[in-house]
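As you go down the protein sequences, you meet chains L and X in turn.
The opening position of the first sequence corresponds to residue 51 in my numbering, with each subsequent residue numbered one higher.
The opening position of the second sequence corresponds to residue 730 in my numbering, with each subsequent residue numbered one higher.
These aren't lab readings, by the way, just hints derived from the structure by calculation.
Where hints are given, some of them may not hold.
[What the hints assert, rightly or not] With a cut-off of at most 35 Å between alpha-carbon atoms, the simulated DSBU-like pairs for lysine-lysine come out as follows:
1) X/737 / X/999
2) L/261 / X/737
3) L/140 / L/275
4) L/170 / X/999
5) X/999 / L/275
6) L/170 / L/275
7) X/795 / L/170
8) L/261 / X/999
9) L/275 / X/737
10) X/928 / L/275
11) L/70 / X/928
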Amino acid sequence: MTVSPAVPTDRYVPPRGWYKRNEIRVTPWLFLAPGILFFLFYVIFPVFQSFNLSLYKWDGLGEAEYVGLRNYQELATDRAFETSLWNNLKWLLLYLLAIPAGLFIALFLNQTVTGIRLYKSLFFFPFVISQVVVGLVFTWFYDPTFGLLNTILGWFGAGPIAVLGDPTLATYGIIAAGLWPQTAYCMILYLTGLNAVDPEQVEAARLDGAKGWRMLWYVIIPQLKPATFIAFVVTIIGALRSFDLISIMTNGGPFGSTRVLSFYMFEKALSEYGFRMGYGAAIAVVLFLIMLLFIAYFLWSMWREERGR
Amino acid sequence: MFPTPIAKTSRTWQLTYQGLLPFALIMWLLPLIAVALFSIKPAVDFTQANYWGLPSAFAGFENYGKVFLESQMPRYLLNSLLITIPTVIGAVALSAMTGFALGIYRFRGNLLIFFLFVAGNFVPFQILMVPVRDLTRDLGLYNTKTGLVLFHVAFQTGFCTLFMRNFIRALPYELIEAARVEGVAEWRIFWYVVLPLMKPAIAALAVLIFTFIWNDYFWAVVLTQGAESQPVTAGITSFNAQYRAAYHLMSAGSIVAALPPVAMFFLMQKHFIAGLTLGAVK
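One chain only, chain L, in its complex shape (with noise of 0.2 Å):
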């Protein structure tokens, strides 16, 4: 607040106000208000209630009731989560293969001959679909009577196998559907990577007579190195995300076998099986801690790089 002077004189101030006088340390919360508050209402907050939550027993309707870590003790010897457990392993693991697939793929089209920019976007192209979609492509194209891939094991005198109806195969008949779409997106990310390689470098390197693996392994590959973090990034999301395509192509089954954590979760909090939201939590919150190490990783990467400007 301004204080009017005591005495007038004849000089007139313009008065400046506390918002003018504040503006550069005031406007980027102003800036960041709305931003926050939607941020912290519908993602942060809800993080620590499924904490809370876990804690509980409750049906999502009447009174909840405190357990203690009675959830936790449930989990240890539930065997169907025993399995997500281990599915999700499989997923993250399995997973990681889109990665030299997407660079393979990469290598394999930068090339410049004409039309090999429709190439690459139809390559890219199962990425952009939807999950859902990927999934009934993918469950018609398993079908044991009529699905293409048995079709062409018949031509060799294979098959038939129902890959989503034998547990034993099913969750790996799943993660080959997820690894069409994410090898698309590691593609793209290291087609972008192989741009930006220095061309002087691979010259240089020609002349001392690398070629080949040795190139690529030398000199490509740690250029590639923005590349391949983000695509690593993107593809552990997506495995420890995975829900979509277990949904619709074998809803957990046969006899649960295709789960993970995160559609067990859905299935324990929401589906027929019983609305019991505590112990879904429960689970989601294991989820979240192994999401946990790896965010806690990335979100270390990213400063070291901030510190280094």
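Mind docking chain X on chain L? Use the hints.
Frame of chain L, contents of chain X only:
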């Protein structure tokens, strides 16, 4: 350039490569080509087990006509649009502001807030599911498009802020300083100096968010229930239940559901790829 440019290699390899390209593409898109083929076959082909032969007649118009005229599909498509477009506008607007604040100003907690947005963006959906569903119900927005839009805007703000902030960081800071020396108000700097420079980032995010939201399935199932509010990803499952075993119609339906983001991608390819690579790999 790596690998060795094709023009500098032997004639045989050049020819092999040219032949390999279309073959590899067909193999890659085989499951999709199969569905496209199914969608133009008449029903009779399926009853006669003529799955992979040539269609006995072209029934494309008939099948797609049925999808558009005799099912709830147009309604689901409209819902998807009414969910996706407001989300894109909301998320881009909010993140242009947060990105501006985090990218231009130096203040305590800047990096902390930035990392909060980034971390939130990586969180598994399931940990938000029960609380967000309750919140939406308390607001009286369960099973409405608005409820879905509000959540999507909030969640996407995380990713968009990451993108916008990094983009703004790369802008020449002298421009802002020059404007300040001229005595331009801060909000005017945002509106007249920074925003016009952000057009490429806004375009990239808009296309990307459009695709993400159009393809969302999880939240559609959690927050909505019926044909009056469900988007096409959730609607396709009820559509398939309606036409069980009518593979020609289910295929046509799937293609219709998948098409809008595909069209968006082909129209705005450059922006789309810039968005996907987070602007980090230039």
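key: Straight-line alpha-carbon gap residue 999 of chain X to residue 275 of chain L, limit 35 Å   = holds (22 Å)
ask   = Between residue 737 of chain X and residue 999 of chain X, is the straight-line Cα distance small enough, at 35 Å or below?
value = Holds, because 28 Å separates the two Cα atoms, which is no more than 35 Å.
task = Measure nothing beyond the straight line between the CA atoms of residue 261 of chain L and residue 999 of chain X; if it is 35 Å or shorter, mark the hint as holding.
result = holds (32 Å)
ask   = Are the Cα positions of residue 170 of chain L and residue 275 of chain L separated by 35 Å at most?
value = holds (21 Å)
task = Quickly compare the C-alpha distance for residue 140 of chain L and residue 275 of chain L to 35 Å and report which way the hint goes.
result = holds (25 Å)
request  = For the pair supplied as a hint, residue 261 of chain L and residue 737 of chain X, confirm whether the alpha-carbon distance does not exceed 35 Å.
outcome  = Holds: residue 261 of chain L and residue 737 of chain X sit about 14 Å apart, inside 35 Å.
inquiry  = Need the status of pair residue 795 of chain X, residue 170 of chain L: alpha-carbon distance at most 35 Å?
reply    = Holds - the C-alpha atoms of residue 170 of chain L and residue 795 of chain X are around 33 Å apart, at most 35 Å.
task = Given the hint that residue 170 of chain L pairs with residue 999 of chain X, test it: the Cα-Cα distance must not exceed 35 Å.
result = holds (12 Å)
query = Is the Cα-Cα distance between residue 70 of chain L and residue 928 of chain X 35 Å or less?
reply = holds (29 Å)
inquiry  = Would the hint linking residue 928 of chain X and residue 275 of chain L be met if the CA-CA limit is 35 Å?
reply    = holds (28 Å)
query = Regarding the pair residue 275 of chain L and residue 737 of chain X, is the alpha-carbon distance no greater than 35 Å?
reply = holds (27 Å)
Violated hints: none; the structure is consistent with every hint.
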